[in-house]
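Residue numbers (the working numbering), protein chains in the order written: chain A, 1 to 477; chain B, 478 to 709.
Each hint can be trusted.
Straight line, CA to CA, 20 Å or less: simulated EDC-like cross-link-like pairs of lysine to aspartate or glutamate: (1) B:K518 with A:D45; (2) B:K544 with A:E374; (3) A:K47 with B:D696; (4) A:K108 with B:D622; (5) A:K275 with B:E706; (6) A:K184 with A:D211; (7) A:K205 with A:D231; (8) A:K311 with B:D696; (9) A:K15 with B:E616; (10) A:K14 with B:E616; (11) A:K275 with A:E173; (12) B:K700 with A:D45; (13) A:K444 with A:E374; (14) B:K708 with A:E35; (15) B:K708 with A:E173; (16) B:K516 with A:D45; (17) A:K331 with A:E216; (18) B:K521 with A:D45; (19) B:K691 with A:D45; (20) A:K329 with A:D247; (21) A:K275 with A:D211; (22) B:K700 with A:E35; (23) A:K16 with A:D122; (24) B:K620 with A:E89; (25) A:K329 with A:E216; (26) A:K184 with A:D279; (27) B:K708 with A:E22; (28) B:K671 with B:E616; (29) B:K700 with A:E173; (30) A:K444 with A:E434; (31) A:K275 with B:D696; (32) A:K184 with A:E170; (33) A:K469 with A:D337; (34) A:K275 with B:E705; (35) B:K544 with A:D75; (36) B:K708 with A:E170; (37) A:K462 with A:D231; (38) A:K162 with A:E396.
Derived from the structure by calculation, the hints contain no laboratory data.
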Amino acid sequence: MAEPLLKEETGIYKKKYPYYIENPVVENRVAQFLEAFAAVLNYTDYKPLLDSYCITNTKCNRCAVACPVYVTTQDSRDIPCYKTNLLLEIYKRYFTFGGWFRSRFLTKSFELTEEIIDEMLDLFYRCTACRRCTNECPLGVDHGLITRLGRYILSLIGIVPKALQVSVREQLEGKTHNTSQVPKNALLNTLEFLAEEIEETLGIKVEFPCDKVNREYVFFCAVSDYLLEPDTLMGNAAVLYAAGDWDKWTIGSCNYDGINYGLFYSDWHLENIIKQLVDEVERLNGKNILIGECGHASRSAHDFVPVFGGKKTYPVMNFMEYTLDCLRKGKIKLNPDIITQKVTYHDPCNIARSGWIVNQPREILKSFVKNFVEMEPNGQYNYCCGGGGGLVSIDEIHEFRMEVGGYVKAKQIEQTGAEIIVSPCANCKKQLRELVEYYNLPCKVVGLHDLILEAIEIPGGKTSEERKKMKEEMEIM
Amino acid sequence: MEQWIEFAKGPLFAFTFLIMILGLARHFIIQFYSIFISKGKQLKNVSWRKIFSDMFSWVVPVKHLIKGTRIFSTVSFIFHVAAILVSVFFIDHIVLWQNYLGIDLPSIGRALADILTLVVIGCILVLIACRIFVRRQREMRRKSDYVLLIMVLLPFLFGFLAGHPAINPFPWNTAMLIHILSGEALFVVIPFTKLSHIVLYFFDRLSVVHWQLKPGAGDKVAKALFGEEAKV
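Next up, chain B with everything else stripped away, as it sits in the complex (with noise of 0.2 Å):
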């Protein structure tokens, strides 16, 4: 167990992780090119200020909390707070930053790590409820709208498990495995599900820029599909 342990924290953790990484910059390069590059000079006509300070007001969103969303919006938040905190910022897991990367971090106690991994833990079991109990999230709901919540939770949880001897029912080398294999599954799926608005957050929230149509394709449509002479 424990040589599998190590695998997953070698060599498995750094292919996954690389994964997500070319994944996500896969993304980022098709996006940044056909924004910033091949809209070129139409980009002047956009008010950046104006994107900005709305993808700002989403980053804080009190704005946002609008009637028959608060919940939902409440959890969304304190969800995506807590779990970057604890799983960027996890004493543990700076020792990763340190020996893959070189990156220095800052750490919280562990104390303090506890508590949010029990707060994304129960934002989890709310925002899957929500999507059990809420009829308009419900209309819409796809299987892999549970799997990924579950794909989600299970680093969270068995992590939470493997640290706490008192309450896991597990043996710790198992709750351990689970909670790292379970991790890289994340990492690997995020650049082809929607946890890939990790970066495309960022693109999603440029639609002013998309309504910079391109001159001339109009024209360009209605010759190739009604010739020369094409009438409204």
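If we strip away everything but chain A, and leave its shape as in the complex, we get (with noise of 0.2 Å):
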């Protein structure tokens, strides 16, 4: 594989990637970012974190091997280490008696200025806030965490790239409640236009479930996966409904959208979205929260719904996670000569990070796709596909995405030789797409319910055989 093409002869890549920004631009943003700061740090838990952070940061810079945009760029301000101390500096000189106390004694001291503001600006959003940085400290500084405060108060200030206010802002105070605009009316079609499609592939009539009350499980995937990954939502169609679980999911109308773009930048918007997401599963009356296959979706709920959730917390699940426990019991087989194809598995960062969902998926695959091979280094400590922490959605800055963000992941699908990449998150299989468009890579990308639904025996349907036997005559036609 060729070397990134924009890489300069020095060896160091220091191109900038500006974002576009809908706010206009604040006057004075040095005052106005400390007062941001300040009003943070009096309402939120930050501050023992950072003044534990401002002692012990030894700035030995091993994160710095670990971090796939450092690796390509070498580049000293993409070290996870350097975008930390930024934040910590300036809270440090403003927010501490050791910072006051040399500002004022000795001359040589910090002071905020516009220049780091643009700084700031520019390096949160370079980092995918992958968090393999934080993996590889040997204090376990949270470079993610500080990343993702540095954003928030920057968003506070009107920096936040323009495509995640604007997703977010539907989502909270939009008619559609959800990141897309794609209107109730809408969903409903989708699901029409699924049922018919499965009835084609599968030979099963159903009806999709919209606003049953009392059920098991209600669902909620990235909302964009209604309108671009079809065959990732009848593969988790398919497993419900081989496992006889077609009655207890729901699907609810006034919120389906998984996505929380407050992961990335703000506790605000985190904590609002998160609400909406419990208000729907409390007006139906639902059990459990499954989310589809999403990353930062599944994180989001999982580790949120217990701290924004209120008082009734419900319990969530991944898909991938219902979908081996139907396996382990016997409700689904899936057909181990189906998919003959060497394929590999790129894990998200949000749900493999934390070490939550490594071998689900690696069993699901394993008991059916017969030559599995794996990324160097995978699971816990897997690349970032580079579009981590929201930086897929950007679209102005695809090129950094291909050329820094994605390079790692790029050379590591290559050297796997694998035709099919399995990527369960929306936000992954975007990222991948674009990747292997933009090296040649001989591959293609899919979500792991994509693959099942190859190779899943539907009870009453027709048979993956039958079902592969029409695909290639499709193929030929």
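Mind docking these for me? Both chains are given alone in their own frames, and the hints should help you get the complex.
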């Protein structure tokens, strides 16, 4: 594979990638930033964390080796510790006694300037928030959390990528309450279309459950899946049908979007989006939250429903956990002769970095894919696809995602020699497809349930062999 | 000189050691309170098993020897083990534990202590070299990184010289006094510098707890900055 196309001869890649910001530039950003920082410190509980990191941050820069962005650019500004240090220096100078003392009595003291705001604006969105560096920090400094805090404070003075802000605004204040502005009618039409497709492909007649009350599972996926990933959704539906759980789940028509960009840049939005999700489950009197194939939607629901969900918390399950449970109990059967290509698995950072979902998809895949290869490294130590932390939604930094953020991943994919990359995450799939196209890699990117859709045996429906034959005939035509 | 050594070994030792203990205790109390008391019920959402297994994986960091960091990581690990063993269990230090705190600790022999001291000195020199020659470390170096490494080096170096008159170019008294005073200087700076990771290491590794964000805080921040009608 070629080197990143824009890498300079020095081996250091210094190009900047600006993103669109909707809000007008505020006057005196330094004062506004400090005011916002003070408000955050006043009402949240980041202070002890910052106090501790300010002292212990050794700047050994071991994290640099773990960061796919730094590995590609070799630019010191991309070292996770460098970014973290920007915010810590501001905290130390303006919000600690030591900082006040130094500024008062020593001549050489750090001062926040417009240039530093510009640097933060640039650097905090050059990070994919994959938190691989955190796993490799000997002291456990969570650079992902600090980057996110930096983004949060910047967002409070209006500095946030337009793509993220517009999506969140629609989700929280818009008519559709989802990031892709899919109205209820369009959702219902899509569900009808999916039911027709299922009848044609699997040979079973189903009606997608919408607004059914008292169900076991209330299903949320990235809303974009309804527009872009019909095979993933049909795979989900196939598992529920084959397992005999068709009357145990529902989709809610008031809120059907699992996406939560608050996870990437704002405590305020993160909490309100979670509340919206919990309200829908409460309205339908559901028992569990079932999240489709989406890494950050799964993590935000799994980690933050217990935090922000109020007194009544709902268990959160990723769809792969549900599928594995069905497989182990013998409720579904997957034909091991259908998928013959070489398959690899990309771990979405948001579900793998903590070690939550690492083995489940592998156990499912190995049960029906004969030719499975791992990327190296993988699991908790995987490399980010390059579109994490919301960057995949920012179209104007496409070149950054291809040339910088995703370069290491593209090399990893090439080394596996796989024909199919399985990635159970809407964001990763989008980024990986663009990467595969950009670097001309001979493989396709699918969701886990896209493959399951091909191999699953449906009681009373067409067999997987019949479906495979049908597909091959269609391809010949 | 004898009087100075006695003073350094006696009241000055007690005083500086107390500064270290109180300083570290302050860190411990603030962190313990903010994590275990303030977070309260939110702690039930945290997987402590994972946190402890993560902590343990860094106590013996075999899993973390990734390409590009192997020399630095191995040397750091050996340095920590050797430095702790010598400074706590060296036979002459055991007396201090007994005298001041009445603790009876097992001791390591002089021969092993000598080897470990040389290992510590070697490791510090490698860590200084890393700061100078490894580009990514050089990029963010500060004077204090070198000052602290040298401050850690001094008590080990002069302790070794004091114990080996044959190679000691200084009078025994001088070497011993520098050994004691540099060790005490280290006690004083520990709570105020990154060396306080002696205690804070355990709290830094609790970032999972810090991800348990404060409910309602986001709304309060927005209202404080933009008023009741805050918009996205």
